[in-house]
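Undergrad: What follows is each chain in one-letter form.
Protein chains: 2
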Amino acid sequence: MAVYTDVTADDLTRFLADYDIGSLRSYKGIAEGVENSNFLVHTDTGNFILTLYEKRVAAGDLPFFLGLMEHLASRGITCPQPVKNRQGGMLGTVAGRPAAIVTFLDGLWIRRPTASHCAAVGEALARLHLAGADFKMKRANALGIESWRPLYEQAKARGDSVRPGLCADIDKELTTLAKLWPRDLPHGVIHADLFPDNVFFLGDSLSGLIDFYFACTDMLSFDVAVCLNAWCFEPDHSYNVTKGRALLKSYDKVRALEPAERAALPVLARGAAMRFLLTRLVDWLAVPDGALVKPKDPREYDRKLRCHQSVKSADDYGIN
Amino acid sequence: MAVYTDVTADDLTRFLADYDIGSLRSYKGIAEGVENSNFLVHTDTGNFILTLYEKRVAAGDLPFFLGLMEHLASRGITCPQPVKNRQGGMLGTVAGRPAAIVTFLDGLWIRRPTASHCAAVGEALARLHLAGADFKMKRANALGIESWRPLYEQAKARGDSVRPGLCADIDKELTTLAKLWPRDLPHGVIHADLFPDNVFFLGDSLSGLIDFYFACTDMLSFDVAVCLNAWCFEPDHSYNVTKGRALLKSYDKVRALEPAERAALPVLARGAAMRFLLTRLVDWLAVPDGALVKPKDPREYDRKLRCHQSVKSADDYGIN
Chain Z
30 MAVYTDVTAD
40 DLTRFLADYD
50 IGSLRSYKGI
60 AEGVENSNFL
70 VHTDTGNFIL
80 TLYEKRVAAG
90 DLPFFLGLME
100 HLASRGITCP
110 QPVKNRQGGM
120 LGTVAGRPAA
130 IVTFLDGLWI
140 RRPTASHCAA
150 VGEALARLHL
160 AGADFKMKRA
170 NALGIESWRP
180 LYEQAKARGD
190 SVRPGLCADI
200 DKELTTLAKL
210 WPRDLPHGVI
220 HADLFPDNVF
230 FLGDSLSGLI
240 DFYFACTDML
250 SFDVAVCLNA
260 WCFEPDHSYN
270 VTKGRALLKS
280 YDKVRALEPA
290 ERAALPVLAR
300 GAAMRFLLTR
310 LVDWLAVPDG
320 ALVKPKDPRE
330 YDRKLRCHQS
340 VKSADDYGIN
Chain Y
30 MAVYTDVTAD
40 DLTRFLADYD
50 IGSLRSYKGI
60 AEGVENSNFL
70 VHTDTGNFIL
80 TLYEKRVAAG
90 DLPFFLGLME
100 HLASRGITCP
110 QPVKNRQGGM
120 LGTVAGRPAA
130 IVTFLDGLWI
140 RRPTASHCAA
150 VGEALARLHL
160 AGADFKMKRA
170 NALGIESWRP
180 LYEQAKARGD
190 SVRPGLCADI
200 DKELTTLAKL
210 WPRDLPHGVI
220 HADLFPDNVF
230 FLGDSLSGLI
240 DFYFACTDML
250 SFDVAVCLNA
260 WCFEPDHSYN
270 VTKGRALLKS
280 YDKVRALEPA
290 ERAALPVLAR
300 GAAMRFLLTR
310 LVDWLAVPDG
320 ALVKPKDPRE
330 YDRKLRCHQS
340 VKSADDYGIN
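Residue numbers (our numbering), protein chains in the order written: chain Z, 30 to 349; chain Y, 30 to 349.
Hints in this document: simulated from the structure, not taken from any laboratory.
Wrong hints could be hidden among the right ones.
Copies of the same chain are indistinguishable here, so a pair counts whether it falls within one copy or spans any two.
In the EDC-like style, the derived pairs of lysine to aspartate or glutamate whose C-alpha atoms are separated by at most 16 Å in a straight line are [what the hints assert, rightly or not]:
(1) 323 x 222
(2) 325 x 35
(3) 57 x 226
(4) 57 x 35
(5) 201 x 182
(6) 323 x 35
(7) 167 x 90
(8) 167 x 99
(9) 57 x 39
(10) 84 x 35
(11) 165 x 90
(12) 278 x 344
(13) 278 x 152
(14) 208 x 175
(15) 84 x 344
(16) 323 x 163
Note that the structure is predicted; figures quoted are calculated from it, not measured.
Sequences are here, hints too, so could you generate the full structure?
TA: Below is the structure:
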């Protein structure tokens, strides 16, 4: 939950004067997003989300994120649409931070997804991959495999406080992943963070995708592997093959997975688990004992990683 | 900022089934309130605020708070109105917490109030006092003068870490306040926490009052003294007599202050400063070093208290 920057009514009124969405009626900081400050803004014409980009987001990446949302929306993906100002720009400044205003999406995120939710996510992810195919901008995955060893180096000194032996296990796994990592699978725009809190439902229907601030250009099947990790495990950290099968089959119906992509699923799933294990570990170690806001527990991804390491073949994910 | 309890879509859907406000379209935890968890809820019929009462709020006080909001709204005060469920009740349960849903108020709170905002607040406070006159329920002020020494005892061991000598000064002031504290001034319903973030404006007009969770039965003029502390100081902690005069004159036009209330203003202002100094001090000392969420700085009220101690008479507040 995050509001890092206080925004005054004057700041916001000044910013909105450059937009054609009516005058400000109210705004509230919302407890969502960990990288940016987010506000729900109510004007004469409706509800919007204002995002102030804090220092963890590189300002140079913002045109990619905003351009991508606009592109996807134009291709029929329901996602927040950046509102343009009178000069046609999507980026302004509020309280000294780069800021953008996007349309508000109705919908609820699902705390305990069922196989039917997983199927809906698989389909939406494949549609997103197809819709992104003709997006012209590129952005390297800042949390791709090249970043993992540097992240590990940050966590190494105190990583074993989370679990004795964790650091040696990560070190060994990173060496294995570097050897096995596929390089020539189909690339394109990936969401890279399509966790349940970034997918909205209304009733049983998926109603929208949000939070494109990790989106980048990488292997499409890595995005699938992120979703298997995020959607198809039970609270006891066991993989639920019924959910996995639902997600993979729905994906495959919209965008058929190539044989090489299917075969690579186990190593991609290990890599995806490693990516979230490492960022959670770094965040966990950065927060002092007793802090009011607890970051997410890295051990969840330690356990998921070990589950993937024991997989015999892609079939174990329910792909066939 | 506060969301202490995670609410699932299922929890909330189940809760709303008992209300006649349409079906759930979205909800977001909002970064407001320090005692409770608050959510902005959007249904087919509009926007609402859902509050989950956390353990710092005594469940036995909730009928007072909710009844008061309903009473004041019926007397023309613009404040959130509790929505009644199908049984006519205002209180339910969400995620194991007592919970209530109230109407959403448009409006913005003013970070840097002017004398004209202070005048509007003075008038609104007096109207609130008049509207509360025939409210039948009573609630003792849990943060009234009787609570101050026990709060001080909690903070005593480490209070001087905030300012050397602070504890001795508080101890001495508490003794003085106990001697000088008025007892027979007009009593009634007071808001007790009418800080700028609890007063909404639209344009130059005051559009509503929120957060009645410190409301209680106490001296009306103590509420005036809280507002003088909260609204009429500059960022350098100097008292702005123009703002004070604006607030007091507007109040007095709607509800004339009795001579004894006017005369008591300096000691009431000291008491009000002491109340916020003590609660901020206790909160400040309870949070570990380096925590992400910093409580409000108690030193602001230490400085205000010293300012009030140097006042010669009520005239210094701009009352005449």
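Undergrad: Please sort residue 323 with residue 163 into within, between, both or neither, judging by C-alpha distance up to 16 Å.
TA: This pair counts as neither: shortest intra-copy Cα distance 40 Å, inter-copy 46 Å.
Undergrad: Give the relationship of residue 278 and residue 152 under a CA distance limit of 16 Å: within one copy only, between copies only, both, or neither.
TA: within (8 Å within a copy, 65 Å between copies)
Undergrad: Please work out whether the CA atoms of residue 167 and residue 99 approach to 16 Å or closer within one copy, between two copies, in both situations, or in neither?
TA: Answer is within; shortest intra-copy Cα gap is 15 Å, inter-copy 55 Å.
Undergrad: Between residue 325 and residue 35, at a C-alpha cutoff of 16 Å, which is it: within one copy, between copies, both, or neither?
TA: So residue 325 and residue 35 pass the 16 Å test across copies only (14 Å; inside, 24 Å).
Undergrad: Could you place residue 201 and residue 182 in one of the four classes (within, between, both, neither) given a Cα distance threshold of 16 Å?
TA: within (13 Å within a copy, 54 Å between copies)
Undergrad: One pair to classify: residue 84 and residue 35, alpha carbons no more than 16 Å apart. Within, between, both, or neither?
TA: within (15 Å within a copy, 27 Å between copies)
Undergrad: Is it within a copy, between copies, both, or neither that the alpha carbon of residue 323 lies no farther than 16 Å from that of residue 35?
TA: between (21 Å within a copy, 13 Å between copies)
Undergrad: Tell me, please, which holds for residue 167 and residue 90 at an alpha-carbon limit of 16 Å: within, between, both or neither?
TA: within (10 Å within a copy, 57 Å between copies)
Undergrad: Give the relationship of residue 84 and residue 344 under a CA distance limit of 16 Å: within one copy only, between copies only, both, or neither.
TA: Result: close neither inside a copy nor across copies, 42 Å intra and 49 Å inter.
Undergrad: Taking 16 Å as the upper bound on the Cα-Cα distance, should residue 208 and residue 175 be classified as within, between, both, or neither?
TA: within (13 Å within a copy, 70 Å between copies)
Undergrad: Evaluate residue 278 and residue 344 at a C-alpha cut-off of 16 Å and name the case that applies: within, between, both or neither.
TA: Answer is within; shortest intra-copy Cα gap is 12 Å, inter-copy 78 Å.
Undergrad: Can you tell me if residue 165 and residue 90 fall within 16 Å by alpha carbon in one copy, between copies, both or neither?
TA: within (14 Å within a copy, 59 Å between copies)
Of the hints listed earlier, those the structure fails to meet are numbers 1, 15 and 16, in rising order.
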